[in-house]
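Engineer: One line per chain: the protein sequences are G and B, in this order. Residue 1 is where the first sequence starts when you use this note's numbering, and the numbers rise one by one after that. Residue 1 is where the second sequence starts when you use this note's numbering, and the numbers rise one by one after that.
A portion of the hints provided could be inaccurate.
Said to hold, decoys possible - Cut-off 25 Å, straight-line C-alpha distance, at most; resulting in silico cross-link-like pairs (DSS-like, lysine-lysine):
1) B:K105 to G:K249
2) B:K183 to B:K54
3) G:K17 to B:K76
4) B:K54 to B:K76
5) B:K113 to G:K249
6) G:K17 to B:K105
Hint data in this document are derived by calculation from the structure and do not stem from the laboratory.
Next come the chains, spelled out residue by residue.
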Amino acid sequence: MGERTKLIHSHIKLSAKQAIVLLGIFVVLLAVTATLIGPYPLSLGEVLAAFSRYILGETDPANSKINTVLFSVRIPRIAAALLVGAALSAAGTVYQGLFRNPLVSPDILGVSAGAGLGAALGIFLSLPIVAIQGFAFAGGMATVTLVYMVAIAVRGHEPTLVLVLAGVVVGSLAGACISLLKILADPYDQLPAIIFWLLGSLASIKSNDVWSAAPVVLLGLIPLVLLRWRMNLMTLGDEEAMALGIDPKRLRVLFIASATLITASVVAISGVVGWVGLVMPHIARLTVGPNFDRLLPTAMLMGAGYMLIVDTVARTMVETETPLGILTAFVGAPVFLWLLASGRRSW
Amino acid sequence: MKLLTTKLGFGYPGFPVGRDVGLTLEPGEVLCLLGPNGCGKTTLFKTLLGLIPKQSGQIRFDGHNLGDMPRRDVAKSVAYVPQAHDAVFPYSVLDMVVMGRTTHKGLFQGVGKADRDLAEQALNTLGITDLANRDYTRISGGQRQLVLIARALAQSAKLIIMDEPTASLDFGNQVLVLSEVRKLANSGLGIVFSTHNPDHAFACGTRVLVLDEGQTRAEGPPQTVLTPELLSSVYGVRIQVEVLSNGTCVCVPEFS
């Protein structure tokens, strides 16, 4: 073992850790900045004062407007953006590793559409948010299972193509079912809710939504964090993973269920926000490499920061709210095409 | 670690590939598996590794029945070196090798410094320390094969199964890999490897098993088993075995 190699090795490890710490600081700064921006601009002093009042439990009628803007509107929305971005990126990272394919993501696999169908059905039936989440999970799980089974059944063809195509087909089938629900929905009450929610938006987010989604996302993250080392072996394929002493079949079911749970729980509050789960894991991998240990936190931080930027733009850029799905597609679609066109054999 | 199979039948459900294969492997031995394309070499390996269930007969590691051993114990006894492949993601060579340590770790445990040290040792043994921080996806096929062998060493199994370790390697890398096989056996490991080149059996096999249509055609030391008659009949072309002045045997095919 040469000293030089050792040095390089520790240097690489350090810089990956540094990247994660820097990203973390960046995301915190972004979040603080985002509390200031909006139709009702606040100064840093006002925000800090509001926080100290909040912590001390003081109520000041003179500042009730600031309190409303900050604690009922802005902070829940910022928290939701961070949560949705981190969650979709985590799920995308897991799907890409499991399917051994950097071109898959919750939306490409149709999981988002499936979860969307489940959630739309929940809205259609006027169910409470927890039930909508449950429906979203069932829809997402059903879609990913179907897509995976189709991909296995037509094995022998180009696997990437089959997976992406199966995802598109199953996803558009779910889309058709959603359209059917739209026709059946009450045009004054349910229809606007379904449509706006399908384009992805955090405009109507309430702190309750965040509180109901966050624990579920955490629950889904637990197996991913605990078993993160084994996730690396899963990317080698089943036979090698088995020969290295792990049980890939059980792990795969657990990982897919976790990633789908994470996806579905945020889809239930934000609607279908595409592309984040595809692009962020990829950029994270380019930055810190494919080792899941470092890849997962990096992708989550990047996703959180990216989503927060996009959502802040969405709520401030023009008078009317721009749905998130539109903005993320403008960034995500070109990146996806670039990935497809570059056709590299390794990522 | 001693590997013993008796009357082993292997294959896939409803599609038997081979039967009645008996082989033994003691520590320090190299068993070379020869046979034409499609004779069942890879299927036999997968069965020995417990990746697919056997169809009949027995597989024993030091007397323990393979079927009764938990996955992780199997991985502690026998390591697998697949054919050098393209990885999907650009893991560093060190990451790739340290994955061999997984079977010694708890379910929720990652790899630590001690594991990385063992991985570095394995790289050192194979003389590829300088590859440690390179991307596995950006090294040559021969280097990848050596990395996969290093991973098997890091796995600390007493037995290593290599599926055509010389396939798709250039001549120099083939010699390099076979030399490593010989060295590893001398250090006390048991090695089973398959090849399409009978010269490789002469070069480093202490024993050879010739598989034809899923059945054992011959088994024993290469010099006695690999006769021109047997080789000609197995491969379907006329083959002579010549002895060089230094005692090495080489196969010389007759071109029509």
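Engineer: Any hints this thing doesn't respect? Which numbers, in order?
Structural biologist: 2, 3, 5
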